[in-house]
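Novice: Here the protein sequences come in this chain order: A and B. Position 172 (the first sequence) corresponds to 172 in this note's numbering; numbering is contiguous. Position 117 (the second sequence) corresponds to 457 in this note's numbering; numbering is contiguous.
Quick caveat, the hints were computed from the structure, so don't treat them as lab data. Keep in mind that a hint or two might mislead.
Straight-line Cα separation of at most 25 Å, DMTMM-like style, residue types lysine to aspartate or glutamate; simulated pairs [what the hints assert, rightly or not]:
#1 A/K328 - B/D776
#2 A/K328 - B/D733
#3 B/K506 - B/D535
If you anchor each label on the Cβ, the simulated ranges turn out as follows [to be verified]:
#4 B/V793 - A/R253: 56 to 66 Å
#5 B/E861 - A/G323: 36 to 46 Å
#6 B/L771 - A/P40: 45 to 55 Å
#7 A/A335 - B/D770: 15 to 25 Å
#8 A/R11 - B/D770: 52 to 62 Å
#9 A/G323 - B/D835: 48 to 58 Å
#10 A/A8 - B/D776: 31 to 41 Å
Owing to the predicted nature of the structure, the values given are computational and were not obtained by experimental measurement. Quick reminder that beta carbons are idealized off the backbone N, C-alpha and C, glycines included.
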Amino acid sequence: MSATAVAATTRKDWASDQEVRWCPGCGDYSILAAVQMLLPELGVRRENTVFLSGIGCAARFPYYMSTYGMHSIHGRAPAIATGLATTRPDLDVWVVTGDGDALSIGGNHLIHALRRNVRMTILMFNNQIYGLTKGQYSPTSEVAKVTKSTPFGSLDTPFNPVSLALGAEASFVARTHDMDRQHMQETFRRAHEHEGAAFVEVYQNCNVFNDGAFEKITGREARSSMLVPLVHGEPIRFGKDLDKGVVQRPDGRLEVVDVADVGEDALVVHDEEREDPGLAFALSRLSRGPYEPTPIGVFRAVRRPEYGASMAEQLADAQERRGVGDLKALLRSGATWTVA
Amino acid sequence: MTTTEEQRTDEHQNAQRQLSRVVVRFAGDSGDGMQLTGDRFTASSALFGNDLSTFPDFPAEIRAPSGTLAGVSAFQVQIADADVTTPGDAPNVLVAMNPAALKANVGILEKGATLVVNVDAFDERSLAKAGYESNPLSDGSLAGFTVYEVPMTSLTQEVCKDAGVKPRDAERSKNFFALGLVSWLYTRPVEPTVDWIEKRFADKPLVLEANARAFRAGYHFGETAELFEATYEVGPAQFPPGEYTQISGNQALAWGLIAASKLSGLPLFLGSYPITPASDILHELSRRKEFGVRTFQAEDEIAGIGSAIGAAFGGALGVTTTSGPGVDLKSEAIGLAVNLELPLVVVDVQRGGPSTGLPTKAEQADLLHAMYGRHGEAPVPIVAAKTPSHCFDAAIEAVRIAVKYRTPVILLSDAYLANGAEPWRLPDVDLLEPIDPGFAAAANHLDPDGTPVFWPYLRDPETLARPWAPPGIPGLEHRVGGLEKADGSGNVSYDPANHERMVRLRAAKVDGIVRDVPSVEVDDETGDAELLVLGWGSTFGAIVAAVRRVRARGHRVAHAHLVHLHPFPGNLGEVLARYRLVLVPEMNLGQLSRLVRAEYLVDARSLSKVQGVPFRAREIEAAIEAELGGLA
Chain A
1 MSATAVAATT RKDWASDQEV RWCPGCGDYS ILAAVQMLLP ELGVRRENTV FLSGIGCAAR
61 FPYYMSTYGM HSIHGRAPAI ATGLATTRPD LDVWVVTGDG DALSIGGNHL IHALRRNVRM
121 TILMFNNQIY GLTKGQYSPT SEVAKVTKST PFGSLDTPFN PVSLALGAEA SFVARTHDMD
181 RQHMQETFRR AHEHEGAAFV EVYQNCNVFN DGAFEKITGR EARSSMLVPL VHGEPIRFGK
241 DLDKGVVQRP DGRLEVVDVA DVGEDALVVH DEEREDPGLA FALSRLSRGP YEPTPIGVFR
301 AVRRPEYGAS MAEQLADAQE RRGVGDLKAL LRSGATWTVA
Chain B
341 MTTTEEQRTD EHQNAQRQLS RVVVRFAGDS GDGMQLTGDR FTASSALFGN DLSTFPDFPA
401 EIRAPSGTLA GVSAFQVQIA DADVTTPGDA PNVLVAMNPA ALKANVGILE KGATLVVNVD
461 AFDERSLAKA GYESNPLSDG SLAGFTVYEV PMTSLTQEVC KDAGVKPRDA ERSKNFFALG
521 LVSWLYTRPV EPTVDWIEKR FADKPLVLEA NARAFRAGYH FGETAELFEA TYEVGPAQFP
581 PGEYTQISGN QALAWGLIAA SKLSGLPLFL GSYPITPASD ILHELSRRKE FGVRTFQAED
641 EIAGIGSAIG AAFGGALGVT TTSGPGVDLK SEAIGLAVNL ELPLVVVDVQ RGGPSTGLPT
701 KAEQADLLHA MYGRHGEAPV PIVAAKTPSH CFDAAIEAVR IAVKYRTPVI LLSDAYLANG
761 AEPWRLPDVD LLEPIDPGFA AAANHLDPDG TPVFWPYLRD PETLARPWAP PGIPGLEHRV
821 GGLEKADGSG NVSYDPANHE RMVRLRAAKV DGIVRDVPSV EVDDETGDAE LLVLGWGSTF
881 GAIVAAVRRV RARGHRVAHA HLVHLHPFPG NLGEVLARYR LVLVPEMNLG QLSRLVRAEY
941 LVDARSLSKV QGVPFRAREI EAAIEAELGG LA
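Only chain A is shown next, with the shape it has when bound in the complex (with noise of 0.2 Å):
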């Protein structure tokens, strides 16, 4: 075995001697499942893979991996992933979180880490509710929504994760669900591919404080007529039999047809590579919510520079100019003069 070479894993050598504490049921269990399953086929070392989080159900993520990690404090994972990022390019680094830690109290770190390009896998776990404190409105919850912090309903209008992250300037945005590992992993996988900041928005029941959140769309029998799959460079196109497809009407807003009635010549073809977010955007509001049919998969993928790589190549740059640096020859870098 070379040096380089790095020994097959398998889930269990990714999965820490710690007892998972998620509520039975919880949707969180399919997607740690989902990513310790997908790092073996990744080929990196657990040694330099590292998993940061905030707070809340979904920051307790990094405790189950047998990786290096950091459970810290909440909405704060992309800075500190920033730091860690910048200064160890080494390192595979992935962000936990949650719609409360990462749209609430952590927005702006998300918001600026995204704009960056700071590299990072950021997986969001979108349960629509506050778990861990037991049940309060999150900022992703749909209007006039009845919690315990809102008994007479919520007043707020939600955020859809991807069109923040799309305003965000995010180079890399994709949204899968929990009740399809495969497409989990497909995308996990292209997000860690990614070169900069990746944000993954994940469908995730929360079964005790908002069961059934996704129901209408990732049911199993919903889930051909309601979930639209975006691939590059094919028409966007869903149904049983791929009977529905989705077009853009001339002001720029996009549709949801029956093939049958435009042809499919007619249909967008996706191209997540397109260098203007827009349609990218327009596809993140086809749907009003999880009871319409709703794209899934990478929305954008697109090259910029990475923050940490264009943050190396200063340094770089300066030492070769200026040679490295010497403490002595700073210290007089100002007028000097000599007592004798």
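Based on these hints, arrange chain B on the given structure of chain A.
Specialist: Chain B in isolation, oriented as in the chain A frame:
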């Protein structure tokens, strides 16, 4: 002007008088370039060999309404032929560029001080803006001063006319006229400033020309106008042999961090959000990329410290810099670092509070926040710099403690140290002690079945520090976090007894740093003083000056100055017990005095000043005299 020196000897009719020290204050509008003027006067004095101490004093607004009191920006410097420790209590000379500058500063001048005013700016409108009902230059209100009225604006415009500089642009060079005039008055060397102008404005030939002409015009005006009856010379001071440079606190602090990075071999990462008066540390470090310094201008204060914690987790030297409300915002993350037990340096350049407070003014009111400003039992070591150049040593000391004990350290500076400057004898960097990161390299514990495992919270029995194991080493994979951890294994634990054990261990670890804290030295000349002045931070200079004056009158007084505020030096209790009275001057309502009273049960008396401006030596002097009077 190569003939300047000859002209001086050939034509100069005025008397030249020797002074041992002088305090000059430049004051003008925020846009008048007073900071630059003061800085250049300081630089040429430093090169001349004077000892000096500066006090830039400016408003938070970048351009407050021109001509108003709120917009006055000032720069005070004391230059001397002997050791000085403060920028001076009362200026001997005030350069006032407009009526507002005069009005804002005339009250603090020494009796009989010299006023050099830009008479062009004393028109009716400007007088009204400054709130003068009559012109102080003619109404007799300045009778106690020696006033020189110099038409600085018009002379500057005149001299720039044939250089192709428009009068409006030329007007902006009038600060160089003032600089030239004061340089002549105090026989400062001309060349350093001319060289500096040529370098600084090399890419703006017209500005260069205007500034150079204005500077020379000011200088020659002094010589030829026969307005001034004398020039003054402040001879070089006696310094210990060595190589010197002029340094401000923020610059010294940045350089100290770079030095600590070199000494430890840890790459420096600064996560910071711009905030006055700490931003210059970010600026300085951003320029030093050849040292492998990564600077990250974060989206907010929290991301600043968060990114530094991430960098520390990865094995870098993580630092964050801030001030005022930024410290509040970082509190939660400091608590995280306490729990993670990772090395981290939090630099707090204190300013006036609460809230936005006085962004450009100095205060020492964050001591108790540094000490206690977190929820839970979250002890953090505290180091405080005492002079601008000492910021260099204090930064290295903070890093040394952080790395050895795997803990966040709060390094306190303040606005006065940050912007103030003094001559600094350059240390021999080869003699600085290296800092060993002591990274974990292998498993440190055996499972019951004999398997070697890594326990991230298995402590060093002496220092109680936990192993630092940045990602990358197989077999050392581990998880850390903000939840309470089991002693040793570091796994999440809700066990009541374990929690208390961990709380006590974290406290004992920080208390144990005392083994590395040097004993506090007491300056007690005769050894039989009954009054001890105990200080910390930037009050150092004023206390030293005050103590000297009191002693010069034959009284006995001792001075001790703390650099380590947590833990205190091991001998502090014994030192305090030796004195009948302990006086603690602080720019707060008595924070250190409260700490030493609680810790050592001594009757420490607080001398408070919370005005955003440093103590004047005479204020401390008066307080010492009063206390001595009480003892007698």
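Novice: Run the structure past the numbered hints and jot down the numbers of the failing ones, going up.
Specialist: No hint contradicted; all consistent.
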